[in-house]
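Undergrad: So you can see what is in the structure, the chains are spelled out below.
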Amino acid sequence: MSKFSIEQKTNGSTEVFYLKGFLDAHTAPELESAIANAIEAGQHRLVVNFNDLEYISSAGLGVFMVFIEEVRATGGDIKLTAMKQKVFTVFDLLGFPMLFDITEKEEEALAKFSA
Amino acid sequence: MSKTDSFTHERLTASGDTTELERIRQFVQDKAREFGFSEQNIHKIALAVDEACSNLIRHAYQLDDSKEFFVDISPNDNDTLVIEILDNGTAFDPLTVPIPDLNQYAAQHRKGGFGVHIIRMVMDAVEYFPADPTHQMNRLKLVKKLS
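Those protein sequences? They're chains F and S, same order as listed. The opening position of the first sequence corresponds to residue 1 in the numbering used here, with each subsequent residue numbered one higher. The opening position of the second sequence corresponds to residue 1001 in the numbering used here, with each subsequent residue numbered one higher.
Just so you know, these hints were derived from the structure itself, not from any lab. We put the CB at the ideal spot given by N, CA and C, even for glycine. Where hints are given, some of them may not hold.
[What the hints assert, rightly or not] The calculated DSSO-like cross-link candidates involving lysine-lysine, where the alpha carbons are at most 30 Å apart (straight line), are:
1) F:Lys84 <-> S:Lys1145
2) S:Lys1067 <-> S:Lys1111
3) F:Lys20 <-> S:Lys1111
4) S:Lys1111 <-> F:Lys86
5) F:Lys84 <-> S:Lys1111
[Stated by the list, open to error] Taking CB as the label site, the calculated pair distances span:
6) F:Gly42 <-> S:Thr1134: 57 to 65 Å
7) S:Val1143 <-> F:Ala115: 46 to 54 Å
8) S:Asp1079 <-> F:Glu30: 34 to 42 Å
9) S:Thr1134 <-> F:Gly21: 37 to 45 Å
10) S:Asn1078 <-> F:Asn11: 47 to 55 Å
11) F:Ser114 <-> S:His1059: 38 to 46 Å
12) S:Arg1011 <-> F:Ser33: 33 to 41 Å
13) S:Ser1147 <-> F:Ala73: 41 to 49 Å
14) F:Met98 <-> S:Val1143: 51 to 59 Å
15) F:Met98 <-> S:Ala1091: 48 to 56 Å
16) S:Phe1129 <-> F:Ser33: 34 to 42 Å
17) F:Lys84 <-> S:Tyr1128: 45 to 53 Å
18) S:Asp1093 <-> F:Ala41: 37 to 45 Å
Turn these sequences into a full structure, and let the hints guide you.
TA: What follows is the structure in structure tokens.
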């Protein structure tokens, strides 16, 4: 039983990941594969929408750490958006807002790529 | 009825499988809620226990689901909740893990090493006791006060 799911949509040259449910040490590998596949397919502009994500542990945060340097090295980025307070708290505890671009709305994240 | 009357000591037995994390979080959340913690602190306590158990399952137990560990919860006085995680793995004191440097970790593509930092930030006290001749299991003790 997996209480985590990912939906992906391509928006122009940007790949948007919609996360739902609970992202922990059990479900993080699923996200890691999805992002790795997108990068392998040539996508370097990634937006992760957390609107339907109820929970994240450091295993989930670690996934973004794996890829951030790689996508930035090729002019891309991983932008994080629409987090519930509970999820943002975990990012904030570790100082992630210093390293990652976190926006309130998905449109803002997309606009930053097209700017 | 005082809060300590609601429960005295509860134990969850779990195995070295990451699918157990959901059940562990639910157990801890239910007990923390019963004890009277705010939703914000219930989340923090469950997160700390999740981080500790994730490390244990992945590193000490190497995802071996034939191995068991215990999550014990007991109230201490009226205002303190004590959670102890007991395992039979190789002793590893998480308190020796350095505070992660985000930029350095990103450059190294490192995805681990954050859990212990989270545990230390959200709990009021963290202690580690490796197994010894009188205590057969390693014990990680997490403490959170109501206010």
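Undergrad: Has the hinted range 51 to 59 Å been met by the Cβ atoms of Met98 (chain F) and Val1143 (chain S)?
TA: With a Cβ separation near 29 Å, Met98 (chain F) and Val1143 (chain S) fall outside 51 to 59 Å, so the hint is violated.
Undergrad: Could you see if the CB distance from Ser114 (chain F) to His1059 (chain S) stays within 38 to 46 Å?
TA: 42 Å, holds
Undergrad: For the pair we were handed, Lys1067 (chain S) and Lys1111 (chain S), check the Cα-Cα distance against 30 Å.
TA: 25 Å, holds
Undergrad: Holds or violated: the 46 to 54 Å window for the beta-carbon distance between Val1143 (chain S) and Ala115 (chain F)?
TA: 47 Å, holds
Undergrad: Has the hinted range 37 to 45 Å been met by the Cβ atoms of Thr1134 (chain S) and Gly21 (chain F)?
TA: 43 Å, holds
Undergrad: For Phe1129 (chain S) and Ser33 (chain F), compare the CB-CB distance with the range 34 to 42 Å and indicate the outcome.
TA: 38 Å, holds
Undergrad: With respect to the beta-carbon atoms only, verify the hint that Gly42 (chain F) and Thr1134 (chain S) lie 57 to 65 Å apart.
TA: 59 Å, holds
Undergrad: The hint says 34 to 42 Å between Asp1079 (chain S) and Glu30 (chain F); measuring C-beta to C-beta, is that right?
TA: 40 Å, holds
Undergrad: Using the Cβ atoms, figure out if Asn1078 (chain S) sits within 47 to 55 Å of Asn11 (chain F).
TA: Cβ of Asn1078 (chain S) to Cβ of Asn11 (chain F): about 53 Å, so the range 47 to 55 Å holds.
Undergrad: Cβ-Cβ distance between Met98 (chain F) and Ala1091 (chain S): within 48 to 56 Å?
TA: The hint (48 to 56 Å, Cβ to Cβ) is violated, given that Met98 (chain F) and Ala1091 (chain S) are roughly 34 Å apart.
Undergrad: Between Ser1147 (chain S) and Ala73 (chain F), does the beta-carbon spacing fit 41 to 49 Å?
TA: 47 Å, holds
Undergrad: Compare the distance between the alpha carbons of Lys1111 (chain S) and Lys86 (chain F) with 30 Å, and conclude whether the hinted pair is satisfied.
TA: Since the Cα atoms of Lys1111 (chain S) and Lys86 (chain F) sit roughly 21 Å apart, the hinted pair holds (cutoff 30 Å).
The earlier numbered hints that this structure contradicts are 14, 15, 17.
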